[in-house]
Amino acid sequence: MCSVFQSGIAYGIGLALAFILCASTSGGHFHPGLTIALVVTKKFPPVKAVRYIVSQILGSYVACLLVYVQYNGMISQATKVLEAAGTLNSVMFTPQGPAGIFAFYIRPGSNVGQVFLNEFVCDFVFGVVIWAVLDPTNPFVNPIYDSLDLWLDTLSFYLWIRPGR
424 MCSVFQSGIA
434 YGIGLALAFI
444 LCASTSGGHF
454 HPGLTIALVV
464 TKKFPPVKAV
474 RYIVSQILGS
484 YVACLLVYVQ
494 YNGMISQATK
504 VLEAAGTLNS
514 VMFTPQGPAG
524 IFAFYIRPGS
534 NVGQVFLNEF
544 VCDFVFGVVI
554 WAVLDPTNPF
564 VNPIYDSLDL
574 WLDTLSFYLW
584 IRPGR
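Heads up, the sequence shown is in the numbering used here, so the first residue is 424 and it goes up one at a time.
Treat the hints with care, as some may be off.
[As the list claims (entries may be wrong)] No farther apart than 20 Å at their CA atoms in a straight line, the calculated lysine to aspartate or glutamate pairs in the EDC-like style are these:
1) K466 <-> D558
2) K466 <-> D546
3) K465 <-> D558
Hints were generated in silico from the structure; no laboratory data involved. Being a predicted model, the structure only gives us computed values, none of them experimental.
When you get a sec, could you build the whole thing from the sequences and use the hints?
Now the structure itself:
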């Protein structure tokens, strides 16, 4: 597979490409939480926000479908190996299981409150960096910091949920 560092870099590069391709039409916000924050701060119209949020969620499902179609052979092979070992039911919905490809799952035995706090802090920091980048009175930042921040947030999240670090 790959290391946490490689996963974070790939995720950051993917986000940078998404910003480069879509920032001129969507404003570059792909996270429903960010869209809601923009509505609350009156920087985005609520009616348009509903369409954006539906599109963001639909886009994530389409992305999962594309990953599934592209890597179906590997996913099926991993599922068969886990099933033969008798561990499929115990690891299916964990970070190490096949379903961990499509969603973030916490490792068994984790404290849900700590996981929620970690996600809250990571999203908050990501939002603050985005607002700093978008602030026209702040000449010291570059839009590439959005991707760098996402990479660091991803790295901290993976270090939290991956027991084999």
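Going down the list of hints, with the structure as the test:
no.: 1; hint: K466 <-> D558; verdict: 12 Å, holds
no.: 2; hint: K466 <-> D546; verdict: 19 Å, holds
no.: 3; hint: K465 <-> D558; verdict: 15 Å, holds
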